[in-house]
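Chemist: Here's the letter readout for the chains.
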Amino acid sequence: MKEFYLGSSYYPEWWSESEWEEDFAKMEALGFNAVRMGEFAWSWYEPEEGKYNFEPMLRALDCARKHGIGVVMCTTTAVAPPWLYKKHPEIKGGNKFGHYDFGGRKGQCLSSDIFLEYAEKITEKQTEALGSHPAIIGWQLDNEPGFPFWDFDENCNIGFRKWLKKKYKTIDVLNKAWFSMMWSNVYNDFDEIQIPVNISEGGWSPQVQLDYRRYFSFTFNRLLYMEAGYVRKNSPDRFIYTNWPGANWSVNCFDGEKYLDYAAWDNYVPQPFGDDYRIQLRASMEHSFDRRLSNGRNEFLVAEQKAFVDADTNPEVIAAQTWLNISHGAFGTLFFEWRTPNGSFEQGYDGILGKDKNYRADTKPVLEKLSADIRKVYPIIKNGKTESDIAILYSYENSWGMRDWVVDGFYDEEFFNCYGGFKNALKTNIDVIGMQDDFSKYKIIVLPNHRITTEEEAQKIMHFVSEGGTVVMNSECGTRDENNQTRELLAPGLFSELCGSSVSGRVYSADMKKHTGECNVRFADGSVYELTGEVDAIATDTAVKIAEYTSGRLNGTPAITSNDFGFGKAILYGFNNCNIYFYEKLAEIIGKEYGIEPLIKAEDGVILSSRKCGDKEYIFAINMKDSENSVRFRYEMKELISGEKGWGKFNLAPYQTAIFER
Amino acid sequence: MKEFYLGSSYYPEWWSESEWEEDFAKMEALGFNAVRMGEFAWSWYEPEEGKYNFEPMLRALDCARKHGIGVVMCTTTAVAPPWLYKKHPEIKGGNKFGHYDFGGRKGQCLSSDIFLEYAEKITEKQTEALGSHPAIIGWQLDNEPGFPFWDFDENCNIGFRKWLKKKYKTIDVLNKAWFSMMWSNVYNDFDEIQIPVNISEGGWSPQVQLDYRRYFSFTFNRLLYMEAGYVRKNSPDRFIYTNWPGANWSVNCFDGEKYLDYAAWDNYVPQPFGDDYRIQLRASMEHSFDRRLSNGRNEFLVAEQKAFVDADTNPEVIAAQTWLNISHGAFGTLFFEWRTPNGSFEQGYDGILGKDKNYRADTKPVLEKLSADIRKVYPIIKNGKTESDIAILYSYENSWGMRDWVVDGFYDEEFFNCYGGFKNALKTNIDVIGMQDDFSKYKIIVLPNHRITTEEEAQKIMHFVSEGGTVVMNSECGTRDENNQTRELLAPGLFSELCGSSVSGRVYSADMKKHTGECNVRFADGSVYELTGEVDAIATDTAVKIAEYTSGRLNGTPAITSNDFGFGKAILYGFNNCNIYFYEKLAEIIGKEYGIEPLIKAEDGVILSSRKCGDKEYIFAINMKDSENSVRFRYEMKELISGEKGWGKFNLAPYQTAIFER
Amino acid sequence: MKEFYLGSSYYPEWWSESEWEEDFAKMEALGFNAVRMGEFAWSWYEPEEGKYNFEPMLRALDCARKHGIGVVMCTTTAVAPPWLYKKHPEIKGGNKFGHYDFGGRKGQCLSSDIFLEYAEKITEKQTEALGSHPAIIGWQLDNEPGFPFWDFDENCNIGFRKWLKKKYKTIDVLNKAWFSMMWSNVYNDFDEIQIPVNISEGGWSPQVQLDYRRYFSFTFNRLLYMEAGYVRKNSPDRFIYTNWPGANWSVNCFDGEKYLDYAAWDNYVPQPFGDDYRIQLRASMEHSFDRRLSNGRNEFLVAEQKAFVDADTNPEVIAAQTWLNISHGAFGTLFFEWRTPNGSFEQGYDGILGKDKNYRADTKPVLEKLSADIRKVYPIIKNGKTESDIAILYSYENSWGMRDWVVDGFYDEEFFNCYGGFKNALKTNIDVIGMQDDFSKYKIIVLPNHRITTEEEAQKIMHFVSEGGTVVMNSECGTRDENNQTRELLAPGLFSELCGSSVSGRVYSADMKKHTGECNVRFADGSVYELTGEVDAIATDTAVKIAEYTSGRLNGTPAITSNDFGFGKAILYGFNNCNIYFYEKLAEIIGKEYGIEPLIKAEDGVILSSRKCGDKEYIFAINMKDSENSVRFRYEMKELISGEKGWGKFNLAPYQTAIFER
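Each protein sequence line maps, in turn, to chains Y, X and R.
Going left to right, the first sequence walks through residues 0 to 661 as numbering that gives the first Met the number 0 numbers them.
Going left to right, the second sequence walks through residues 0 to 661 as numbering that gives the first Met the number 0 numbers them.
Going left to right, the third sequence walks through residues 0 to 661 as numbering that gives the first Met the number 0 numbers them.
Note that these hints are calculated values from the structure, not bench results.
Treat the hints with caution; some may be incorrect.
Identical copies look the same in the list; a pair holds intra-copy or inter-copy alike.
Cut-off 27 angstroms, straight-line C-alpha distance, at most; resulting in silico cross-link-like pairs (DSS-like, lysine-lysine) [said to hold, decoys possible]:
hint	residue 1	residue 2
1	K161	K637
2	K85	K95
3	K161	K86
4	K65	K86
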């Protein structure tokens, strides 16, 4: 992106028109160049069915332009107006308690043809009316697609059956895929299928759950695909994204990537405090994931980010978070939000301005310096790309297959711990990839809990290893087919030969602890890590033990093994649900063996990332602690923000960012 | 009231008529002079629609009269009979799960015109049939109005819309009051409004919540108002009350006061045990509130109170609780209940008689002495009035605005802590008042969490201070308008000038504790109190600091400030959710500064209150501990129960009450 | 039973026909002689309405027979097929959320006439088609009747009203039995009665709850009775049972006994681990109960039992559990299950074969030795009977009356603690009996929490004591009539004279602990036991104190009393909710007084039981610890499994079983 977009959300529809001018002027004065508007404005545009009024928004666009603020315009299908619910209550989805009532946000059923029709009409009208306005620099589709996380009304039943019929063609194929003969759930017809919302016993079988999740994801992508079409037609040459609430959620963003230009996400990762910096590794993970989801552009946008701090927090964290975005490839950060609403659902959520419409004393200098620094630095790094030797592989199907209808599941938590552990221990760039990606550019690929694996995928992984790659997996991997059915193989299923080990038994760590008081893995250096979740006994074939269990009947038996395979290696660990400290240790061992070097030498609490522009590399060192910290390097480098040059030790103030040119 | 009413609930409809005589004779023998009957007797009066039978109740009234027992008769709309539900299932309200089933108690929808019609008919018939019976001394309307605490069926939707239309006249006014433009919730018509029972995301906005609470309260008052009319017409010259489950609940009792003679409440405050006496300060708070709610009569009734003790509790607590009632202005105490039911919902709840229909060995002597003592003492004090220099201000709208559909919320808990802290530290009478009351007779008014404040109310408070009063408030006060919308002002909103301070930032105490291990306020004497809830940083203008925060970035900054304003003072504290010990400390500081004296000198655990009759003052000292205790005074006083005179130290046995004439 | 049945569940419908042969051959090789099939096969038999296909199951039967495997065939009404739900959605029951959706298992409404009609048709067809096959040795009716534990749809309302009308004849009798006058719940007509699923306040009264439970149990027995008829007609000379999920559950098995030959249960009692062996006393209790429920046959079947161990557990526990079954009278043990399903609801539940279709290395030698040992030993003991001097009395009505719709309630937990305490302390056989049983063969009968007791039952108990028996009860006993109404008597109600004591007050142990820091009972030897639940103060009349309370106002007062009555004795304890250690202590005291001897002398962790065959007694000593243990006896005895003879000390390896012939 040629320019970095710094700005915030703004809701002109909340305020009297006379206040807009003052608001945009204040944004300009702060150095902002972007604003995001309109994601909940349907009522404003179409107060009664068919009576459209885009004039006020056009005037808001004029006003923004006058102050040099580029507008990210949103399609407006995230909340439908009351008149539509009144006319068609059936467009609301439902849950275990029945149909949703009107009120609040979301809840419209994306399986409802009527809703889709209205959504299409307003999108067409809106893009026609606003699309050519010169203030608009880009478009956001809908808002945080993936909400509501559950929706189980009759429209869904109908839509799901259609989708299943398209997928399976005949009911016999579905019965086999679903292992329906268990408990006599064999269907004669797709019409007999019901989403199991209120079930006497059994609930969601693993097969039904996975397929319904796939369908659920499909309905969101279908809506966004429609909207992208109207935007491209009526507002060409603007970038298009949607703001994923987080890429690892209810919508398959690998599918979503196809109709978007960029991925964006809403960075509500809690601000760091004191010495507790690891929380920011979550943002790093999401950044790396979104960078992957932008059609090879190696960039992404942060569409929402907290713009205030509490009275006990150093306001510099706002700058540190924004630099972290940039260090991973962000081309913009839009804070949430300019002013706080006086009432309704988000009453009291703080804005950039205080309740009295003045700048907040604590954050104003931070935001001013941040916008000035970005104006200085961004032109130098704007063509950067992130490169990495290490990738963590994410799989929606495995995530969905391992959790119920909860927001974040077991798979995602461990996925983050794995990413964060490798990032923090190795202090270098880490990629997030999907199974369809090119493996050949990586040295190491990690697949935590990748239990659903097709035979082709297994082949691809084995090929990667035989050509010299290193793969790291746990004993769940490869045990299930694409229907979430277990294979008739001992764990790790398709990978027993690759890993040179197989699983001979299982115990739950909680039981082990009840039995023997502990359940640990012990590394060669004597350090131990406590396990939670399931623990598998491993029988080695060609593999060698590199760590062992410590207690009960498993004492001294292999917990982690390493196996040479072709020119590469497969590391297997016999457990899951591991915390970030475990993955830091594992990454350290692997990094040592494979000579993975940190970008530069940095103390604990500094997050390092880099971007390459031609033959230059820009290394970002962000001190995520509220105390002084430092980095070291032997060659002279220039620091872009301060303009200083030097080598040796470079001190970092609390939450300070340094960008070294190499 | 000329006479003190001591008695219990009795359900003649549960027992064969042949047992009544024995029951009333036993009441008489115990010294009882009142009984409460009939609040759940609709089925007894009208076993089939339109077939009335009041003969049995008339015979029960005759029987009571024969034994000198005055009857408090209840209207009978708290449970409708099964035949009515069968005929009109729609009169039952509902919740998230749908319509209520028949069974149990309450649940009738007070928005249902059909229910209201039937309720009116039975009330008319009942008052006509029974109203002139000479045994009747007073009437209770319904039972514990405010239950069910939630009701969200279609009748409510219709009623709520009507009420909103009456209040707001046009939908545009409502949209503005509700800040509807947020999330596109703008209504075209009142018909589009739905109570948000089952919502995908967002739930009750603060504005909808407050208005629905107002409506909900209105429906109860409407029912009771109708009933009061029939009672006054058909049973003149009897007192009328309703038994609030507690005055601070779901019904605005300031509105309820208008059609009642007295307030009453059901005193289910747990009995004191051992040294844990503060629980009885809750009863003190409710007493003071109910005393306020009796149209200036300065009296109230306790309509239900536990009549038994567990095997580990000193039975004297029953007398101590009853004297506590009297000390605050009660003109009666009706225990719950004479005999325990053999079956159904309250099976096993204990009565005054044991299961074997004999007196319970543990409580009989206590009740006998209590009734004898009251007969001796009450004539002397019956014209007493409670006077106080200090008032705590209660606001339903602020209570409802700060809690979801829970029984007791945050506001009410802190309100009690505030009342209890002032009462216990200052050992004098404390009033509970509303915003509409005369402030001029008070020296000190405390308003915890009074965030919704109109401009007129703010003026009234400032006038009170400028004339010499002291007001104590926290930083929430004055921040919201009557629609529960935040004002575009820094906290404390309308009171920044009054307090000479404003809020510059906020942190949650839980976060502060996570950050720094503590979150305290430190007083000038070095004592510290732990905070929970929200903590505001305060910037002083004209105010002076009288206590400070202890940790993090707030260390040493003002936590409590004092500001001279006119002839008075405003004390501001920058936090909420304070416990009773905090308010004891705050009251102690304020009491010292303003020379507030205790009624007499008393040890910890003695609750002191007084009533004035002409030029005499009667000081009640109740030992709420299960160990010996004492009070002291320098002038000779007469103790009414024992008849002793003296001065100096006066010992109090466990749970003993003394009444000193001054 | 002539032969012992060892085998497992098998689902031919899950696997391709070509795999059956291999599976049955492996069973045969392992020494199995039985298999259980078909409890969820309705879809397989009747894929479309009226199109039956029993050929595949007939071929599976042929195949089993070829390998000498006897088949336990199941009726197939535990899950109905999707086409039936599609056609008649009303056959599904419901819960608070409304109607159940299709999917999973169970949930059909046993009050639905339509379901009962279809259930009858498939049972008739199935028994006609398969009944005469020579492979079939016995029949299981349905599967785990008692599920779903709750069902509250409109069919249930209709059925419940009919049942109530049959029971009470007139609505006035019901109103009296239900104490309906409380809260005006008096019915005019049975049609007004509603199951209180969604109630505003009050919920299930104790009377409604008990009657609905009785009705609920009736609906299951009605279904099974119908099925038993078709099995007896179409498949004569095979044994019939149903697999209770546990006898103390939602169905009255004393009623169920009448149409069955044997009781069976699914033994999912957790496997013992380390020194924690008491959990197996739960299995002992269920065994003793099921032994009672087989029409005097003194035998029973274990229809499901876990066939695998976790990686930290000694696999010998599988043998120990099976010998425990046999020691109490089991004539078979069918493991669950042969192979694990690849998908659907129980995906991942382990089988005897591993995922790779090979035997699991850990359990194979155990199962082989077990089947060989049984073949050797069972012919010697097959005519054995269990005899006991001590019985614990179980009452469904008391269990149901003391719990809400939870799976296991308070009553059942204490019932187990009582059984387990007596079993473990006295190391002899303990019977479980019902009130209708012959008391004369017992020395001691224990009735924990038997609060519902008719006058006839009380007479029977008093007669037992006056003739020389000892009865042990707590203060709840005898306090309620058959309608669950409390009697107008002090506790222990009908038994005050028998016990020579009565209750003068009550305190909750939690309150007592809050008050005084402890709530204990102290025995004569000074040992103390902590109480939970309710604690009653006891006033003795003719009784003597044998243990006392330790704290508060109850300190030193009687907690347990003993009273001579006729030639016998009544022991009363004034509390409930006692743990197993309390009952061990109580049993020890009583055992000492009455000279109850253990079967042989055994160390802690050895469970002893015996079976008598003519003049021989076979004493089973099972070491339920994972460490060495021993028993001792003075006479020479032969151990059947090893064939060794000797006396003195006999060592038992971890989980080893020894059977001594006396």
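Chemist: When Cα atoms must be at most 27 angstroms apart, do K85 and K95 count as within-copy, between-copy, both, or neither?
Modeler: both (22 angstroms within a copy, 20 angstroms between copies)
Chemist: Can you tell me if K161 and K637 fall within 27 angstroms by alpha carbon in one copy, between copies, both or neither?
Modeler: Result: close neither inside a copy nor across copies, 60 angstroms intra and 71 angstroms inter.
Chemist: First find the shortest C-alpha distance between K161 and K86 inside one copy, then the shortest across copies, and answer within, between, both or neither for a cut-off of 27 angstroms.
Modeler: both (26 angstroms within a copy, 20 angstroms between copies)
Chemist: Please sort K65 with K86 into within, between, both or neither, judging by C-alpha distance up to 27 angstroms.
Modeler: neither (40 angstroms within a copy, 66 angstroms between copies)
The earlier numbered hints that this structure contradicts are 1, 4.
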